[in-house]
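So the protein sequences, as listed, match chains F and B. Numbers given in the numbering used here equal positions in the first sequence, counted from 1, plus 46. Numbers given in the numbering used here equal positions in the second sequence, counted from 1, plus 508.
A hint or two may mislead.
In silico lysine-lysine, DSBU-like type, Cα no more than 35 Å apart, as pairs [unchecked claim]:
no.: 1; chain 1: B; residue 1: LYS772; chain 2: B; residue 2: LYS858
no.: 2; chain 1: B; residue 1: LYS772; chain 2: F; residue 2: LYS147
no.: 3; chain 1: B; residue 1: LYS858; chain 2: F; residue 2: LYS149
Examples of chain F residues lying across from chain B (beta carbon under 10 Å, computed) [stated by the list, open to error]:
no.: 4; residue: LEU169
no.: 5; residue: VAL191
no.: 6; residue: ASP228
Between beta-carbon pairs, the in silico distance windows are [what the hints assert, rightly or not]:
no.: 7; chain 1: F; residue 1: PRO84; chain 2: B; residue 2: ALA655; range: 38 to 48 Å
no.: 8; chain 1: F; residue 1: SER283; chain 2: B; residue 2: PHE610; range: 20 to 30 Å
no.: 9; chain 1: F; residue 1: GLN287; chain 2: B; residue 2: VAL847; range: 50 to 60 Å
no.: 10; chain 1: F; residue 1: PHE98; chain 2: B; residue 2: VAL636; range: 46 to 56 Å
no.: 11; chain 1: F; residue 1: SER89; chain 2: B; residue 2: LEU843; range: 40 to 50 Å
no.: 12; chain 1: B; residue 1: LYS624; chain 2: F; residue 2: PHE98; range: 52 to 62 Å
no.: 13; chain 1: F; residue 1: PRO218; chain 2: B; residue 2: GLN751; range: 22 to 32 Å
no.: 14; chain 1: B; residue 1: LEU643; chain 2: F; residue 2: GLY181; range: 37 to 47 Å
Rather than coming from a laboratory, the hints here were simulated on the basis of the structure. Ideal Cβ placement from N, Cα and C applies to all residues, glycine included.
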Amino acid sequence: MLRIWRRIGRLAASLLALALAVIWVFPVYWMVNSSFLPNTKLSAATPAFLPFGGSLTNFKLVFTHGNFGAALKMSLIITGITVVFTLLFAFLAALAISRYKFKGRRSFVLAVLFIQMLPAEGLFLAQYTMIRDMGLMNTGLLNTVIGVSLIYIAAVVPFTVWMLRGFVAGIPADLEEAAMVDGLSRTKAFFRITFPLLAPGLVASGVYAFLQAWNEFTVALVLLNQENKTLPLWLRSFVQQSSQHEIDWGQVMAASTLVAVPVIIFFLFVQGRMTSGLVAGAVKG
Amino acid sequence: MTSHSPEAGQSGKTSAAGTSRLAAPDAAGSSDAQGNGASAVRLRKRAGRTGRAHRSGRGRTFRWTPYLLIAPAVGILLLALAYPIGWQLVTSFKEFGLAQQFGQPAEFNGLDNYIKIVTTGETWMVVVRSVVFCLVNAFLTVAAGTALATLMNAVPKAVRLILQVALLLAWSMPVVAVMTVWNWLFDWNHGTINWLLVQAGAEGYSRHNWLENPLSFYGVATVIIVWMSVPFVAFSMYAALTQVSGEVLEAAQIDGANAWQRFKGIVVPMVRPVLMIVLLLQIIWDLRVFTQIRMLQDRGSFPSETDLLGTYIYREGVGASHFGMAAAMSVFVLLITMVAAWPYVRSLMKEETI
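Here chain F stands alone, though its shape is the one from the complex (with noise of 0.2 Å):
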């Protein structure tokens, strides 16, 4: 009898977990199915759950109308100025903090560990006044480039210096030494015995400072004007647009969709290593 019921409850309890995926797929699965649907379909009395008589065009009106691939090539240049910066200034750190004992280093990680809890909310006013007072706002492509990258990258290195900390604290330097003993240069040692242990670790952060800059929307919000929109800048206002008039939610939809895709893809690659790392202290205690 009771293994009965002990086997009712885990049929309820499938059950519960099989309807609660499909609430949480739902919203992804509608911005897909909505954008491969013409307006028509998008607003008769029943919506149309399944992409039938769908179609790419959609797609194309977004491409062609408006200024998506400005807005690409923009979110590409910020995005990979701040991966390549981020990377190099929080692996020479997080080199530092694992490596050496110095002066001042647990200051440094703890203020490190606070400074990404700081909100970018609470402090974009006076990015905002300071990008301005540097000339880095509005002054052409270049300066807007550097002030929004600024802010990006020292944005993202404080946690990618925690997470490559670990990486580089898990090679042993016994390692390069014992290559050293065998006869490589110092430099040799780190590039053929160091360097390739830490590469999964250096993507993994590499991936997470180029989510972080390629979403980020309130910092662009406040430093960009019409002309050098990023893609959440540009999504936004194709809304708005489209807005005007009775709404396209298919063209929407299909813009949404073209922003989310790489995320979703690079996303589901990196997020292991960024779970752990955020909740790493508590796990391991």
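Fit chain B to the given chain F structure using the hints.
Frame of chain F; chain B shown alone:
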């Protein structure tokens, strides 16, 4: 301790102690009779250094290498974070409006901005709304996430995988895309939510505008924020739950502990640290919501009725150029965040690796 610098010898690890003992005779010969604490330390340092240099070949590294390595990171953090924080702090004590924007010197006005915040109805409302909104969202998110994690732990592997993939997909959506989709789902005219409600028999929801009434506006924002924040909580809590050893639970069962006792006595203490940190992070994140509120306001609601701290600061500062006031509000956000973040930082500090 993974440090391999010369100074590591001070920390008295066994290897360093060994080498310093080895090096002691000749070092003692050079500075014998001094015998005070400082020279003893110096001595051990030098001993440690020579010993290490032998062992690891790191003796050549200069003491300023680590400082050079952290210099770029420190530089950019000072420039893009420390300076703005300083500016914000100073400006929050100044009269800084449109006139000052155009070159008039900004005068210090003491606590005027803060007094204005406390005495003005609107700012006070924004603060209260934000704090309530933040707490409600954080607790709902953590409760839902924990429930999902428990469920993940209870179902067969295949079902768990489906649920995890669904959560991962939701988690990976960029926030701007999330807002766009939910605006479509909650659309007053052709939105799927209204359609579902009408199908379920609630006729009144045909062409219902969810964003008109501030309370309903916050309800929608809560649904969206909980939806997008739960996956992180669920995965973290699931990771914590899997750390709870089945053997220990079994042993407790054999000893006669019932399900509730096992949960309270074994599971809760094991997952508590993760739960606390996740809750803290959620509170910090929910206090600073900006994009979600801003993009819901885009769909037609009065900012003055629906503003939270983030959008209010944006409107006051960037929009209306009331920098002094907005800076004071920002300082308030920073203060709350720091107070809330402190336990998290401390718990990480307790790790021996720092």
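For each hint, the structure was consulted:
| no. | hint | result |
| --- | --- | --- |
| 1 | B:LYS772 with B:LYS858 | holds, 25 Å |
| 2 | B:LYS772 with F:LYS147 | violated, 42 Å |
| 3 | B:LYS858 with F:LYS149 | holds, 19 Å |
| 4 | LEU169 | holds, 5 Å |
| 5 | VAL191 | violated, 15 Å |
| 6 | ASP228 | violated, 12 Å |
| 7 | F:PRO84 with B:ALA655: 38 to 48 Å | holds, 40 Å |
| 8 | F:SER283 with B:PHE610: 20 to 30 Å | holds, 29 Å |
| 9 | F:GLN287 with B:VAL847: 50 to 60 Å | violated, 42 Å |
| 10 | F:PHE98 with B:VAL636: 46 to 56 Å | holds, 49 Å |
| 11 | F:SER89 with B:LEU843: 40 to 50 Å | holds, 48 Å |
| 12 | B:LYS624 with F:PHE98: 52 to 62 Å | holds, 59 Å |
| 13 | F:PRO218 with B:GLN751: 22 to 32 Å | holds, 26 Å |
| 14 | B:LEU643 with F:GLY181: 37 to 47 Å | holds, 41 Å |
In summary, the numbered hints that this structure violates are 2, 5, 6 and 9.
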